[in-house]
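Novice: Sequence:
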Amino acid sequence: MGKKLEKGLKEKNASAVSQDEENPNKTPEPYSCTGNFQADFTELCRRNSMTYIPPIIPRARPPTVMGHTESGKPDKGKGKAPQAPVEPDPDPEQDLDGEGIEAPPKTFTIKEKFEYFKPSVQVEMENFDKPDTVTEIYIRGWKIVEPIMEIFKQCWPKMAKLHTINLWNCGLSGEVITILASTITEIPEMRNLVLDGNTVVEENWHELMGEESPIQNLSLRHCGITDKGAEQIGQALGSTKRCNTKLISLNLSGNRITDVGAEHIALGLRMNRNLMSLSLASNFIGDKGASKIAEILSRFPLTHEEVVERRKHFSEKDFPERNKSPPGSRRDGSKDRPASVRSQSHMDKDKKGSKASAKKKDPKGKDAKEEEKHDKTKKKEKEDKTLTKKGDKSGTVGGRSSGASLLFMAAISGSTASIAADTKGTKGKGKGKDKTKQAAQEVEDLSGGEVVNPLTDVADFIDGQLWVSGNRVLINLNLSRNKIAESGMNNLLKAMQYQTTILMDNKSGGTGLMRIALLKNKISQEHDVMRKLNDIMLHKDPYYKQPPQTPDVQSTT
Numbered sequence: 001m002g003k004k005l006e007k008g009l010k011e012k013n014a015s016a017v018s019q020d021e022e023n024p025n026k027t028p029e030p031y032s033c034t035g036n037f038q039a040d041f042t043e044l045c046r047r048n049s050m051t052y053i054p055p056i057i058p059r060a061r062p063p064t065v066m067g068h069t070e071s072g073k074p075d076k077g078k079g080k081a082p083q084a085p086v087e088p089d090p091d092p093e094q095d096l097d098g099e100g101i102e103a104p105p106k107t108f109t110i111k112e113k114f115e116y117f118k119p120s121v122q123v124e125m126e127n128f129d130k131p132d133t134v135t136e137i138y139i140r141g142w143k144i145v146e147p148i149m150e151i152f153k154q155c156w157p158k159m160a161k162l163h164t165i166n167l168w169n170c171g172l173s174g175e176v177i178t179i180l181a182s183t184i185t186e187i188p189e190m191r192n193l194v195l196d197g198n199t200v201v202e203e204n205w206h207e208l209m210g211e212e213s214p215i216q217n218l219s220l221r222h223c224g225i226t227d228k229g230a231e232q233i234g235q236a237l238g239s240t241k242r243c244n245t246k247l248i249s250l251n252l253s254g255n256r257i258t259d260v261g262a263e264h265i266a267l268g269l270r271m272n273r274n275l276m277s278l279s280l281a282s283n284f285i286g287d288k289g290a291s292k293i294a295e296i297l298s299r300f301p302l303t304h305e306e307v308v309e310r311r312k313h314f315s316e317k318d319f320p321e322r323n324k325s326p327p328g329s330r331r332d333g334s335k336d337r338p339a340s341v342r343s344q345s346h347m348d349k350d351k352k353g354s355k356a357s358a359k360k361k362d363p364k365g366k367d368a369k370e371e372e373k374h375d376k377t378k379k380k381e382k383e384d385k386t387l388t389k390k391g392d393k394s395g396t397v398g399g400r401s402s403g404a405s406l407l408f409m410a411a412i413s414g415s416t417a418s419i420a421a422d423t424k425g426t427k428g429k430g431k432g433k434d435k436t437k438q439a440a441q442e443v444e445d446l447s448g449g450e451v452v453n454p455l456t457d458v459a460d461f462i463d464g465q466l467w468v469s470g471n472r473v474l475i476n477l478n479l480s481r482n483k484i485a486e487s488g489m490n491n492l493l494k495a496m497q498y499q500t501t502i503l504m505d506n507k508s509g510g511t512g513l514m515r516i517a518l519l520k521n522k523i524s525q526e527h528d529v530m531r532k533l534n535d536i537m538l539h540k541d542p543y544y545k546q547p548p549q550t551p552d553v554q555s556t557t
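Position 271 of the sequence shown, counted from 1, bears residue number 271 in full-length UniProt numbering, the numbering being contiguous throughout.
Each hint should be verified, as a subset may be incorrect.
Straight-line alpha carbon distances no greater than 16 Å define the calculated EDC-like cross-link-like pairs of lysine to aspartate or glutamate that follow [claimed, not checked]: (1) K520 <-> D541; (2) K520 <-> D287; (3) K241 <-> E306; (4) K522 <-> E175; (5) K158 <-> E175; (6) K161 <-> D129; (7) K228 <-> E202; (8) K494 <-> D535; (9) K312 <-> D457; (10) K522 <-> E486; (11) K158 <-> E189; (12) K246 <-> E212; (13) K158 <-> E186; (14) K161 <-> D132; (15) K483 <-> E212; (16) K161 <-> E202; (17) K246 <-> E175; (18) K118 <-> D132; (19) K288 <-> D227; (20) K532 <-> E486; (21) K161 <-> E186; (22) K153 <-> E43; (23) K228 <-> E203; (24) K494 <-> E295; (25) K494 <-> D463; (26) K161 <-> E189; (27) K228 <-> E212; (28) K143 <-> E175; (29) K158 <-> E306; (30) K241 <-> E305; (31) K241 <-> E211.
Note that these hints are calculated values from the structure, not bench results.
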């Protein structure tokens, strides 16, 4: 029997091989990616019959000095294991004349000619022993066409730890941008996208900022973006209908944006209350564009469309059930008359009669009810005591976690010291409840809990228009190396003065602009407007440190 089985298996294998030889054009089964980027990418490239498969290599790092840790501090007795004896250096090689040949340095490696210019994919990994822990991908200097991007579209969504993609000077096209925009929505941990040095004729960058886009930091430096692309980016940032709620940082430096494009981006910032950093350095923005940005930072009148949306928001808040359809009547769906229903008066009479009979039967009903109420109140008091005890024990953890989650907003506003002190008080035996409440209340005042919709913000009626306060969520603005003159700088100064005055009374809408870069514009840094701007922004800069006081000044103070 065994020999017969072996013969049958051999015949089946031979028939399968013959069928494969007869059908060489048979399409293979679809490949399912496993999360191992190197294996998946290589296999998919092989299936697409690519002549050259770019290797996946770890990103180059500077060599570490022996005896030092990654932080730069020497190891002091860590793991005092017996070290192996240091081997002496081998004797230097000698040439024909007997002179020593200098050994190559050990700080770098020498590769073959043009090896550096060959396409490759550089990766950063959490653990180099585990190929499925790729966190960052860097592709630099070689053209990415649609077939390659289709391969990436299959590989990247399966990578659970990927959060950064950097495609520098890759000759991207509009079709590749569309594929990339649909790919990033499927990557679970995607946050950072850098596409510097890619000039796209279609300028469809707004597709990367859609409603489903998870991108938090987007860099589009030196991409040749004109006013056409800036208009689409402004619409993607925010409008009366929808706003981008994920993007935190946007870098548009080194493009060809003029006053028209700056106005469109400013229109996007009217309704956007999520973007915190914007760079428009090295563009062609003049006084008009700077004045429009300054208007958005101070206060601005609502347009007719925005007023209509404002009324809709208020009507939905006041009457949330106005648009709901009324419930169907009793007689809907049946032509026959339903059974007769007793009137409310008859039901009330029956209830009164039953109550009276109950009173007659149980004359001590009142006392029994009072005893039941007394017992219930006692039980509630016991439960409250147990809950407060549990709350005291768990309050330390909750207080610390809530304080840690809110320290970022407090650091921006400059009140970290008070909140840190309050949160430290919660580490005891539950004695700092009032302090934690005060700290949480402070941070709620600063951050406002939920972001305030500018359409529902408090408005002033001036000259027949509704004026609302501007964007105070943006904290970093870079307008260096543009064409802004005295007029635009003066409007920016007024905007900063308005923000400082309004923040004294209300900090719920944000901290306002904390850093602004205005170097190398059409105005000298020694101008009075620039001096006033620098004086205002100097104390708002979170990295600003006051100069140390001299002993004479300290003695007088």
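Novice: Now tell me, hint by hint, if it's right for this structure.
Specialist: Consistency of the hints with the structure:
no. : hint          : verdict
1   : K520 <-> D541 : 20 Å, violated
2   : K520 <-> D287 : 14 Å, holds
3   : K241 <-> E306 : 9 Å, holds
4   : K522 <-> E175 : 39 Å, violated
5   : K158 <-> E175 : 22 Å, violated
6   : K161 <-> D129 : 15 Å, holds
7   : K228 <-> E202 : 9 Å, holds
8   : K494 <-> D535 : 13 Å, holds
9   : K312 <-> D457 : 14 Å, holds
10  : K522 <-> E486 : 8 Å, holds
11  : K158 <-> E189 : 11 Å, holds
12  : K246 <-> E212 : 9 Å, holds
13  : K158 <-> E186 : 9 Å, holds
14  : K161 <-> D132 : 8 Å, holds
15  : K483 <-> E212 : 36 Å, violated
16  : K161 <-> E202 : 31 Å, violated
17  : K246 <-> E175 : 24 Å, violated
18  : K118 <-> D132 : 24 Å, violated
19  : K288 <-> D227 : 14 Å, holds
20  : K532 <-> E486 : 13 Å, holds
21  : K161 <-> E186 : 13 Å, holds
22  : K153 <-> E43  : 14 Å, holds
23  : K228 <-> E203 : 8 Å, holds
24  : K494 <-> E295 : 9 Å, holds
25  : K494 <-> D463 : 20 Å, violated
26  : K161 <-> E189 : 6 Å, holds
27  : K228 <-> E212 : 23 Å, violated
28  : K143 <-> E175 : 13 Å, holds
29  : K158 <-> E306 : 42 Å, violated
30  : K241 <-> E305 : 10 Å, holds
31  : K241 <-> E211 : 12 Å, holds
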